[in-house]
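Sequence lines, in order, name chains S and L.
Be aware that the first sequence starts at 1, since it is given in the working numbering, and climbs by one per residue.
Be aware that the second sequence starts at 1, since it is given in the working numbering, and climbs by one per residue.
These aren't lab readings, by the way, just hints derived from the structure by calculation.
One thing to keep in mind: the hints can contain errors.
Copies of the same chain look alike in the list, so a pair counts if it fits in one copy or across any two.
[To be verified] Below, computed lysine-lysine pairings styled on DSSO-like, alpha-carbon distance capped at 27 Å:
| # | residue 1 | residue 2 |
| --- | --- | --- |
| 1 | Lys77 | Lys109 |
| 2 | Lys114 | Lys42 |
| 3 | Lys114 | Lys77 |
Protein chains: 2
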Amino acid sequence: MISNMKISTTIIGSLLILLNVMGCVEAQQQGNSAQNEAIFAKGELGPEENFTGNAWHTPLVENDSVFTTAAGNVVFKAGARSNWHSHPAGQILFVTAGTGYHQIEGEPKEIIRKGDVIQCPPGVSHWHGASADSSMTHIYIIPNTENGIVEWGDPVTDEEFEN
Amino acid sequence: MISNMKISTTIIGSLLILLNVMGCVEAQQQGNSAQNEAIFAKGELGPEENFTGNAWHTPLVENDSVFTTAAGNVVFKAGARSNWHSHPAGQILFVTAGTGYHQIEGEPKEIIRKGDVIQCPPGVSHWHGASADSSMTHIYIIPNTENGIVEWGDPVTDEEFEN
């Protein structure tokens, strides 16, 4: 009788472990899901002529004559980056997730992270993208669009990306 | 001997449950911590003359003559809101977390959520804040600051906030 009770206790103990492990895995999955929940929709893949690798774009503010401002969200997959390009009135970036790179022509490549704010002056050539091993998401703001929005240049070579 | 083995198994089983529960709690805490990790620093409390309740402000882009744009991040505690105010060149809001309210004078209060983009036209009186039972965080953009930045008005009454 006592022996049977102990066997039952052992079985109940094993079941409790199993249930707990299952609950724990589920809780961790929910945590990861909430953690990774993006602020904006991923949007459409950027065109190959302007991007190397996969970068998804969602417009947030359409340019008009009242705000003279264009804004959007870009999700860069690890290794993905824009071509070199410039903005006649400059550009502001808010990094909202991940780690990436930003480089102004003639300056060293800088590492940019969630929470960083980048301002690229008017008419200056730059590129931005994810780092080699992490995705990166940023909001971009283009002010004073009456001066123009963007002028695209050449792709960022692997050598430029890696240096 | 057999009985002793069963007792040992039961004790080991109980210890495993305890260790598993501890690991699970820790994993959930880490998940919640990462989930709640804000993009920007919380910043400084907004002044009582312009806000009801607690709203923390971090400047992101200082106004200058090149970008003619001011930007910042505001975290509103549940129930907190700005006074009525207007922007001579309008304002753009990106809601990055939580749920809140935005109201343009003469229009119904609208519920705003993570991922929403709000544009308030130039010179129009509005207010924004958290909902009654949830905090709300947004980035704000003020374009064309050569026209002015903000003109503050009266506090939003509890009746205005609740209706």
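Quick rundown of the hints versus the structure:
no., hint, in the structure
1, Lys77 - Lys109, "within (18 Å within a copy, 38 Å between copies)"
2, Lys114 - Lys42, "both (17 Å within a copy, 14 Å between copies)"
3, Lys114 - Lys77, "both (15 Å within a copy, 22 Å between copies)"
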